[in-house]
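Asker: In case you want the letters, here they are:
Number of protein chains: 2
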Amino acid sequence: MAERKYNFSAGPGYLPEEVIEQARHDLWDIRGTGIGIAEHSHRGKTYDDIVVETEAACRKVGNIPSNYKVLFVTGGSTSQNYMVPANLLAQHETADYLVTGYWAERSAEQAPLYGRVHRAFDGGKHNHTFIPSDSEIRYSENPSYVHWCSNNTIYGTQFKKEPKVPEGVPSVCDMCSDIFSRPVDFKKYGLAYASAQKNIGIAGTTLVVIREDLLDRNPRELPLMLQYRVHARDESRHNTPPVFPIYMCGLMFNWILAQGGVEAIARRNEAKAKIIYDVLDASSFWIGHARKDSRSLMNVTFRAPTPELDEEFLKEAAARGMEQMKGHRVTGGMRASIYNAFPERGCHALADLMRDFERRKG
Amino acid sequence: MAERKYNFSAGPGYLPEEVIEQARHDLWDIRGTGIGIAEHSHRGKTYDDIVVETEAACRKVGNIPSNYKVLFVTGGSTSQNYMVPANLLAQHETADYLVTGYWAERSAEQAPLYGRVHRAFDGGKHNHTFIPSDSEIRYSENPSYVHWCSNNTIYGTQFKKEPKVPEGVPSVCDMCSDIFSRPVDFKKYGLAYASAQKNIGIAGTTLVVIREDLLDRNPRELPLMLQYRVHARDESRHNTPPVFPIYMCGLMFNWILAQGGVEAIARRNEAKAKIIYDVLDASSFWIGHARKDSRSLMNVTFRAPTPELDEEFLKEAAARGMEQMKGHRVTGGMRASIYNAFPERGCHALADLMRDFERRKG
Chain H
236 MAERKYNFSA
246 GPGYLPEEVI
256 EQARHDLWDI
266 RGTGIGIAEH
276 SHRGKTYDDI
286 VVETEAACRK
296 VGNIPSNYKV
306 LFVTGGSTSQ
316 NYMVPANLLA
326 QHETADYLVT
336 GYWAERSAEQ
346 APLYGRVHRA
356 FDGGKHNHTF
366 IPSDSEIRYS
376 ENPSYVHWCS
386 NNTIYGTQFK
396 KEPKVPEGVP
406 SVCDMCSDIF
416 SRPVDFKKYG
426 LAYASAQKNI
436 GIAGTTLVVI
446 REDLLDRNPR
456 ELPLMLQYRV
466 HARDESRHNT
476 PPVFPIYMCG
486 LMFNWILAQG
496 GVEAIARRNE
506 AKAKIIYDVL
516 DASSFWIGHA
526 RKDSRSLMNV
536 TFRAPTPELD
546 EEFLKEAAAR
556 GMEQMKGHRV
566 TGGMRASIYN
576 AFPERGCHAL
586 ADLMRDFERR
596 KG
Chain W
236 MAERKYNFSA
246 GPGYLPEEVI
256 EQARHDLWDI
266 RGTGIGIAEH
276 SHRGKTYDDI
286 VVETEAACRK
296 VGNIPSNYKV
306 LFVTGGSTSQ
316 NYMVPANLLA
326 QHETADYLVT
336 GYWAERSAEQ
346 APLYGRVHRA
356 FDGGKHNHTF
366 IPSDSEIRYS
376 ENPSYVHWCS
386 NNTIYGTQFK
396 KEPKVPEGVP
406 SVCDMCSDIF
416 SRPVDFKKYG
426 LAYASAQKNI
436 GIAGTTLVVI
446 REDLLDRNPR
456 ELPLMLQYRV
466 HARDESRHNT
476 PPVFPIYMCG
486 LMFNWILAQG
496 GVEAIARRNE
506 AKAKIIYDVL
516 DASSFWIGHA
526 RKDSRSLMNV
536 TFRAPTPELD
546 EEFLKEAAAR
556 GMEQMKGHRV
566 TGGMRASIYN
576 AFPERGCHAL
586 ADLMRDFERR
596 KG
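Protein sequences appear in the order of chains H and W.
Heads up, the first sequence is in the numbering used here, so the first residue is 236 and it goes up one at a time.
Heads up, the second sequence is in the numbering used here, so the first residue is 236 and it goes up one at a time.
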């Protein structure tokens with residue numbers, strides 16, 4: 236089979252080759268049923284088993300407490316921008332948002348349709364180069380919840396630990412780009428969500444981990460499909476779910492467990508990111524976007540001294556089999572996304588080219 | 236590779252083996268990019284091409300007029316139950332619903348959140364055994380739109396032609412289970428939608444064909460992801476779309492074209508359904524659910540004289556490699572779903588067993 240490239244895409248991202256192999260097998264015939272995974276009824280025994288196993292593997296990977304529901308909903312994280320306030324925020328209440336990047340901003344923008352929004356931190360004026368300390372956050376008096384985004388793909392910044400939210404207030408986290416990249420104590424969260432296409436599968440489904448008491452909030456009438464409690468009641472099968480994307484999540488959870496779980500994955504992610512950040516730190520040529528204490532282990536953002544050199548670097552990278560590294564239009568430069576499944580040897584390949592390029596152009 | 240069974244699932248349904256083969260190849264490496272289809276950025280060149288080609292193939296299959304947008308949105312048809320009224324119905328307006336089955340009922344149930352609902356036909360009291368003639372439908376005075384479901388999977392009934400809606404009123408059709416199974420004149424429709432997992436792909440995306448002027452209806456403020464006009468403006472990529480399910484639609488559209496298009500597919504579907512209906516018509520044992528003039532070419536619903544014999548038949552069918560034929564709980568009996576991709580030889584296998592079973596048990 237063809238050799239595969241180093242794919243630095245920010246999402247949909249790299250999948251482990253063993254996961255792809257399994258999916259290729261199961262598309263034709265899963266578990267000897269004579270029917271492919273994408274063709275099984277979502278009410279049949281085979282999919283029943285897959286749903287149960289996928290949820291169990293997810294709980295094991297994340298050590299998710301028993302008073303939390305694990306849901307696989309349709310759509311991406313963008314759909315959570317309205318699902319969260321629609322389900323948790325009454326019109327007269329206030330929700331606090333920590334605006335630390337592009338996607339956190341998008342989340343804060345959708346909430347005013349459902350209630351009041353207070354920006355407890357707004358990093359826009361600092362060009363989102365850093366993650367605030369707890370003392371830099373100004374919560375409102377009695378927020379309905381605090382929303383934050385644990386990792387900012389575009390700016391390449393990441394919370395090293397959870398922000399300390401006011402006591403009794405649910406912490407709602409968009410974990411889209413760093414879920415299961417490190418151990419997390421879900422007891423500290425009211426709700427966490429992550430679309431699958433970065434660390435836990437492919438585009439088409441979003442994992443929602445929600446503390447059960449939050450299902451009782453009922454701030455307004457909503458269509459059935461937009462109610463977390465309906466997805467919980469119907470065990471993520473109120474309607475035909477995105478069967479293949481959810482199945483892929485199951486393969487990814489098992490892959491993470493086979494790697495030694497999130498603790499082992501976290502050590503690998505630290506090592507992988509260090510390979511690239513070490514080049515930035517030793518360089519007088521490359522310019523990192525994120526402040527050092529706020530650097531993401533998932534997305535390394537950097538640029539050369541000029542946009543022309545960025546272009547040249549991207550071309551050289553592509554010639555060496557390193558693809559999809561162009562930075563987002565709001566930051567320019569490069570973005571190397573190195574999610575769980577991205578191989579360490581790809582980080583070395585990038586670091587080598589960065590050093591070599593600096594020697595020649597610096 | 237393992238031999239595959241005859242999969243009569245009502246959805247997710249049977250996929251053509253050549254489509255599965257292509258998908259298996261492309262999951263590893265699509266078009267020599269060295270990156271699998273599920274791992275490509277939705278903003279990159281490869282996916283750009285796929286989106287353009289998929290839409291073009293869809294327009295060709297359906298002969299969709301140029302003043303209609305072709306959208307691939309997230310979720311299933313169930314999400315359209317609220318998207319349709321949210322986008323087309325103002326609170327003081329009335330929408331007419333033709334309630335000809337289970338899913339049409341589900342659609343009608345969600346609309347009152349957004350406006351008034353008038354049931355212009357309600358087949359519930361006849362146990363949904365037939366499709367109304369135009370004279371049996373009582374429209375309201377000035378409906379905002381007329382919603383109907385072209386094929387009722389659970390009851391096995393199907394509109395043979397479009398209901399005649401009042402002039403100037405958009406006809407909104409749930410085509411989930413018979414889209415592209417026969418030629419349709421989309422000019423007669425304001426909006427048509429179909430989740431992919433029956434005739435045009437796998438679960439995880441829904442095709443929406445919408446006449447452009449309907450994008451200008453703006454009855455209320457909505458989150459961006461719930462606005463058809465946003466999906467149209469952003470060419471089905473407002474957020475990360477369900478890349479793999481959309482790609483699968485592209486493969487299916489090309490497969491339909493390779494079969495000779497919807498005209499050829501329609502002839503095959505007629506012939507396939509006839510193989511099974513001929514057994515019902517010649518039988519004094521089997522009981523069909525649908526009235527003869529309303530029979531679906533996609534889902535053949537029938538039962539034996541007793542539930543015990545139904546069970547026995549399903550077991551014998553499974554022993555002969557015919558799977559997922561159990562009827563929905565509301566109808567009982569059997570449901571043989573024979574969508575576009577289901578092979579004719581599977582219909583013969585079922586008809587043979589039905590005749591044989593009747594000989595032994597009748």
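Simulated from the structure, these hints should not be mistaken for lab results.
Heads up, a few of these hints could be off.
Note that the list lumps identical chains together, so a pair holds whenever it fits in one copy or between two copies.
[Unchecked claim] Think about it this way: if two alpha-carbon atoms lie no more than 30 Å apart in a straight line, the pair counts; the simulated DSS-like pairs of lysine-lysine are:
#1 Lys-295 - Lys-527
#2 Lys-280 - Lys-550
#3 Lys-280 - Lys-423
#4 Lys-596 - Lys-280
#5 Lys-395 - Lys-596
#6 Lys-527 - Lys-280
#7 Lys-240 - Lys-399
#8 Lys-396 - Lys-550
#9 Lys-396 - Lys-360
#10 Lys-396 - Lys-280
#11 Lys-396 - Lys-423
#12 Lys-422 - Lys-550
#13 Lys-596 - Lys-422
#14 Lys-360 - Lys-509
#15 Lys-596 - Lys-295
Asker: Against this structure, judge whether each hint is valid.
Answerer: Hint check:
With identical chains, the CA atoms of Lys-295 and Lys-527 are never at most 30 Å apart, being 32 Å at best within one copy and 53 Å at best between copies. Proximity of Lys-280 to Lys-550 under the C-alpha cut-off of 30 Å is restricted to the inter-copy arrangement: shortest distance 15 Å between copies versus 49 Å within a copy. Taking the closest pair of Cα atoms, Lys-280 and Lys-423 never come within 30 Å of each other, the shortest separation being 35 Å inside a single copy and 41 Å across copies. Taking the closest pair of Cα atoms, Lys-596 and Lys-280 come within 30 Å of each other only across two copies (28 Å); inside a single copy the shortest separation is 60 Å, beyond that limit.
Within a single copy, Lys-395 and Lys-596 get their C-alpha atoms no closer than 34 Å, and across copies no closer than 70 Å, so neither meets the 30 Å cut-off. Within a single copy, Lys-527 and Lys-280 get their C-alpha atoms no closer than 50 Å, and across copies no closer than 33 Å, so neither meets the 30 Å cut-off. Taking the shortest Cα distances, Lys-240 and Lys-399 never come within 30 Å of each other, neither inside one copy (41 Å) nor across copies (55 Å). Proximity of Lys-396 and Lys-550 under a CA criterion of 30 Å is satisfied in neither setting, with 36 Å inside one chain copy and 56 Å between copies.
For the homomeric pair Lys-396 and Lys-360, the shortest alpha-carbon distance inside one copy (23 Å) is at most 30 Å, but the shortest distance between copies (59 Å) is not. For the identical chains of this complex, Lys-396 and Lys-280 are neighbours neither inside a copy (41 Å) nor across copies (37 Å), given an alpha-carbon limit of 30 Å. Only within a single protomer do Lys-396 and Lys-423 lie at most 30 Å apart by alpha-carbon distance; the minimum there is 11 Å, versus 57 Å between protomers. When the C-alpha separation of Lys-422 and Lys-550 is checked against a cutoff of 30 Å, the pair qualifies neither within a copy, at 45 Å, nor between copies, at 47 Å.
When the C-alpha separation of Lys-596 and Lys-422 is checked against a cutoff of 30 Å, the pair qualifies neither within a copy, at 50 Å, nor between copies, at 60 Å. For a Cα distance limit of 30 Å, the shortest separation of Lys-360 from Lys-509 inside one copy, 28 Å, qualifies, whereas the shortest one across copies, 69 Å, does not. For the homomeric pair Lys-596 and Lys-295, neither the shortest alpha-carbon distance inside one copy (48 Å) nor that between copies (51 Å) is at most 30 Å.
When the structure is compared with the earlier hints, violations turn up for hints 1, 3, 5, 6, 7, 8, 10, 12, 13 and 15 and for no others.
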